[in-house]
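Asker: One letter stands for each residue in the lines below.
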Amino acid sequence: MKLIAAMSGGVDSAVAAARAVEEGHDVIGVHLALSSNPQKYRSGARGCCTIEDSHDARRAADVIGIPFYIWDMAEEFHENVVENFMAEYKAGRTPNPCLRCNEKIKFAAVLDRAKNMGFDGVITGHYARTVDTPEGKTLHRAIDPLKDQSYVLAVLNREQINGAIFPLGDTEKVDIRLEAERRGLAVAQKPDSHDICFVPSGDNAGWLRDRMGSEDGPIVDQDGKQLGTHKGAYTYTIGQRKGLGLTVPTADGSPRFVLKIEPVTNTVVVGAREDLAVTSMRGERTIVCGPEITSGSHRGFVQVRAHGAPLPATYLYENGYLTAQLDEPLLGLATGQAMVIYDGDRVVASATICETA
Amino acid sequence: MSIYLDHAATTPMSPAAISAMTEALARIGNPSSLHTDGRAIRKDVEDARDLLAKNIGCVASEIIFTGSGTEANNIAIKGIYWQRNESKSRRVVVTSAIEHQAVLEPAQWLVEHEGAERITIPVTESGVINLDALRAIIEAHRDSIALISVMHSNNETGAIQPIADVVEIAGDIPVHTDAIQSWGKIAFSFKDLGLFAASLSGHKVGGPIGIGILVLRRGIDIPALIHGGGQEREIRSGTVNAPSIVALAAAISKSQYNSEEVTSVRKAFEAKVRAALPDSIINAEGADRLPGISSVTIPNALNETLLLLLDGEKISCSTGAACTAGVHRPSHVLEAMGLDEDAVMSTLRFSFGSTSQSADVDAVIAALPSVVDRARSAR
Numbered sequence: 010m011k012l013i014a015a016m017s018g019g020v021d022s023a024v025a026a027a028r029a030v031e032e033g034h035d036v037i038g039v040h041l042a043l044s045s046n047p048q049k050y051r052s053g054a055r056g057c058c059t060i061e062d063s064h065d066a067r068r069a070a071d072v073i074g075i076p077f078y079i080w081d082m083a084e085e086f087h088e089n090v091v092e093n094f095m096a097e098y099k100a101g102r103t104p105n106p107c108l109r110c111n112e113k114i115k116f117a118a119v120l121d122r123a124k125n126m127g128f129d130g131v132i133t134g135h136y137a138r139t140v141d142t143p144e145g146k147t148l149h150r151a152i153d154p155l156k157d158q159s160y161v162l163a164v165l166n167r168e169q170i171n172g173a174i175f176p177l178g179d180t181e182k183v184d185i186r187l188e189a190e191r192r193g194l195a196v197a198q199k200p201d202s203h204d205i206c207f208v209p210s211g212d213n214a215g216w217l218r219d220r221m222g223s224e225d226g227p228i229v230d231q232d233g234k235q236l237g238t239h240k241g242a243y244t245y246t247i248g249q250r251k252g253l254g255l256t257v258p259t260a261d262g263s264p265r266f267v268l269k270i271e272p273v274t275n276t277v278v279v280g281a282r283e284d285l286a287v288t289s290m291r292g293e294r295t296i297v298c299g300p301e302i303t304s305g306s307h308r309g310f311v312q313v314r315a316h317g318a319p320l321p322a323t324y325l326y327e328n329g330y331l332t333a334q335l336d337e338p339l340l341g342l343a344t345g346q347a348m349v350i351y352d353g354d355r356v357v358a359s360a361t362i363c364e365t366a
Numbered sequence: 010m011s012i013y014l015d016h017a018a019t020t021p022m023s024p025a026a027i028s029a030m031t032e033a034l035a036r037i038g039n040p041s042s043l044h045t046d047g048r049a050i051r052k053d054v055e056d057a058r059d060l061l062a063k064n065i066g067c068v069a070s071e072i073i074f075t076g077s078g079t080e081a082n083n084i085a086i087k088g089i090y091w092q093r094n095e096s097k098s099r100r101v102v103v104t105s106a107i108e109h110q111a112v113l114e115p116a117q118w119l120v121e122h123e124g125a126e127r128i129t130i131p132v133t134e135s136g137v138i139n140l141d142a143l144r145a146i147i148e149a150h151r152d153s154i155a156l157i158s159v160m161h162s163n164n165e166t167g168a169i170q171p172i173a174d175v176v177e178i179a180g181d182i183p184v185h186t187d188a189i190q191s192w193g194k195i196a197f198s199f200k201d202l203g204l205f206a207a208s209l210s211g212h213k214v215g216g217p218i219g220i221g222i223l224v225l226r227r228g229i230d231i232p233a234l235i236h237g238g239g240q241e242r243e244i245r246s247g248t249v250n251a252p253s254i255v256a257l258a259a260a261i262s263k264s265q266y267n268s269e270e271v272t273s274v275r276k277a278f279e280a281k282v283r284a285a286l287p288d289s290i291i292n293a294e295g296a297d298r299l300p301g302i303s304s305v306t307i308p309n310a311l312n313e314t315l316l317l318l319l320d321g322e323k324i325s326c327s328t329g330a331a332c333t334a335g336v337h338r339p340s341h342v343l344e345a346m347g348l349d350e351d352a353v354m355s356t357l358r359f360s361f362g363s364t365s366q367s368a369d370v371d372a373v374i375a376a377l378p379s380v381v382d383r384a385r386s387a388r
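So the sequences go chain by chain: R and X. Per our numbering, the very first residue in the first sequence carries number 10; after that it's consecutive. Per our numbering, the very first residue in the second sequence carries number 10; after that it's consecutive.
Don't read these hints as lab results, they were simulated from the structure. Any given hint could be a false lead.
Unchecked claim - Dumping the calculated DSS-like pairs for lysine-lysine here, alpha-carbon to alpha-carbon at most 27 angstroms:
| no. | chain 1 | residue 1 | chain 2 | residue 2 |
| --- | --- | --- | --- | --- |
| 1 | X | K200 | X | K263 |
| 2 | X | K281 | X | K263 |
| 3 | R | K11 | X | K323 |
| 4 | R | K251 | R | K99 |
| 5 | R | K124 | X | K323 |
| 6 | R | K234 | R | K251 |
As the list claims (entries may be wrong) - Residues from chain X that face chain R, not an exhaustive set, calculated with beta carbons under 7 angstroms:
| no. | residue |
| --- | --- |
| 7 | N309 |
| 8 | L317 |
| 9 | R383 |
| 10 | A387 |
Predicted model only: the values in this text are computed from it and were never measured. Here a beta-carbon is modelled for each residue, glycine too, at the ideal position from N, C-alpha and C.
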């Protein structure tokens, strides 16, 4: 096949591209420039798309022996990912920009462009597996549970999954690094990236404050009694305990947690730990990742965080909404996060959480 | 073998230059040394300087060898500015809107670090500077202008600029020209043009990469950027790069560049592009242009996609200006000519040189329709 390898400059995408070449595919490497004003150097494990990262990707392509280009996707990234990130926070939700990037950039803008240019698909270094079935490919967890990234890929529809190639899903990360060494890839020991690539400082709240300003507002308890003042509601997240700056203690001295963010009134509602408990959730913008979901309820697992545990649940897909009833309550669940349904290790569907109870 | 149509980026070293350089690399001696070995190398350098001076239309002492054309531009822009603005009365730097980054960025650096003011000469739709605008600028700022820098021809469109007119209008204001694309391709005489300074580059004329020339009028002392042993008129210190200088002289004296032939290859290319892609546009068509540069807008196709697909067909061309990360920015040259953003991002540069043949044109034309189709659907 003729394939585009998306190369971030990290070890995973480099090994993924090398493996595809070894399997006999005709591969070209593409580094996505996602920032219109890239930083020169990478600092630690944070950020990406620095000039240094694009250099690392280029050198990996040299070692693998494939052509290499840089695609400027900064505008698409800003419009679809960065602006959405801010808008979601503004609306009192907690978005996951990595999912958004996979959905709108890597497996949409890039895959579309690749296909129209005559390529068959896009290779990435994500840790996930696909399985060929008569109805097309299905998406599955990677064998390395610590690195599994199927959660952030659960926004891919069937067509996108069919165009995606994940060569690393059957290998553990430690072995990928060893393989990179063996292949002579200089990025073999490069640190993994964490956090949000466009917030290189890692300080989400500060980043949001710089761009959206900060308006003080009340922190109230569930009865509406003001307990303190916050510096911009969107810099808080559900379940957050630290940084509330409350001086009025609770009657029994137990800590308070953020229960709710109300963007319209710029209010942060706090309460006791047990008030964070959630047993059901409803998601919108449902994406079915494999075979259609039949009507009626099904047993499966729901995962609500990138590295969260799969929680046993009963789920239902109806009128475009995905709902899940948890067997056991979960503490602290923010709207805006993705709920991903698994059937064993297979990704069934995802949706953006819009209601919890 | 690729079909190489990016001669404006760099052109193959001529066989004469390669052989002269190989020979020179094997000889020992620092041209600044006083002994026989050093003097022998020095003689080679000075012979080369004499030869180059004759070709450039200057006297030998007006040639300052540098490490690149960019360095020559930097020395000229900053050096002339510092010399002329010593009494803080001449802080205006005038450039055209279509200069190479190697002129624009030093000029901008002077604005940001040395208190300079930049004034830009606009260009016409054909990519040629507007002389009336230049007259107006000089009228308004005559006594405060440190220098005027206008390129001899543009690297993206090939549009030749009216440098003789610029010099005449400038009067006693120093004029520098970046003649990197013109030298060796069309007539260029430093003396006849009455220039104050000019920048040239070796690798655009069949010489090696890593050698440039600043031609600076005799008797003018400008502050140095690089201090050291005082080589090259105490303006550009550093061990004189004898092998590259000798190779450059060989490239010039035994040049295989035939302007008429290159022009006819380029014209055949443009005629065939127009026939194959009737909605394509040749930029700066109304201007006198260099023999070998063709800037083509292919509507509704992204140039970076076109480049990738052409590269896949083993055809090398360019999207214009590149930056360090390899992400190309919209061309300021095409923008200055009034092209809208879509047109700018749909423009490719094909450039032809002494090794270009009509078979190269046929290969591109054969590949273009399918490449353009794919690029258009990938938009």
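Asker: Interface hint check: L317/X, Cβ to nearest Cβ on chain R, cutoff 7 angstroms. Holds or violated?
Answerer: 5 angstroms, holds
Asker: Is the Cα-Cα distance between K234/R and K251/R 27 angstroms or less?
Answerer: 20 angstroms, holds
Asker: Starting from K11/R, check that the Cα of K323/X is at most 27 angstroms away, please.
Answerer: 16 angstroms, holds
Asker: Min Cβ distance, N309/X to chain R: is it shorter than 7 angstroms?
Answerer: This hint is violated: N309/X lies away from chain R, its Cβ roughly 12 angstroms from the closest one there, beyond 7 angstroms.
Asker: Against the 27 angstroms threshold, does the CA-CA distance of K124/R and K323/X hold or violate the hint?
Answerer: Between K124/R and K323/X the Cα gap is close to 20 angstroms, so the pair holds against 27 angstroms.
Asker: Need the status of pair K251/R, K99/R: alpha-carbon distance at most 27 angstroms?
Answerer: 21 angstroms, holds
Asker: Could you grab the alpha-carbon distance between K281/X and K263/X and see if it respects the 27 angstroms cut-off?
Answerer: At roughly 32 angstroms apart (the allowed maximum being 27 angstroms), K263/X and K281/X break the hint.
Asker: With a cut-off of 7 angstroms on the beta carbons, see whether R383/X makes it to chain R.
Answerer: 5 angstroms, holds
Asker: With a cut-off of 27 angstroms on the C-alpha distance, tell me whether K200/X and K263/X pass.
Answerer: Holds - the C-alpha atoms of K263/X and K200/X are around 23 angstroms apart, at most 27 angstroms.
Asker: Would you settle whether the hint for A387/X is holds or violated, based on the nearest Cβ-Cβ distance to chain R being less than 7 angstroms?
Answerer: 4 angstroms, holds
The structure fails hints 2, 7 (numbered hints given earlier, in ascending order).
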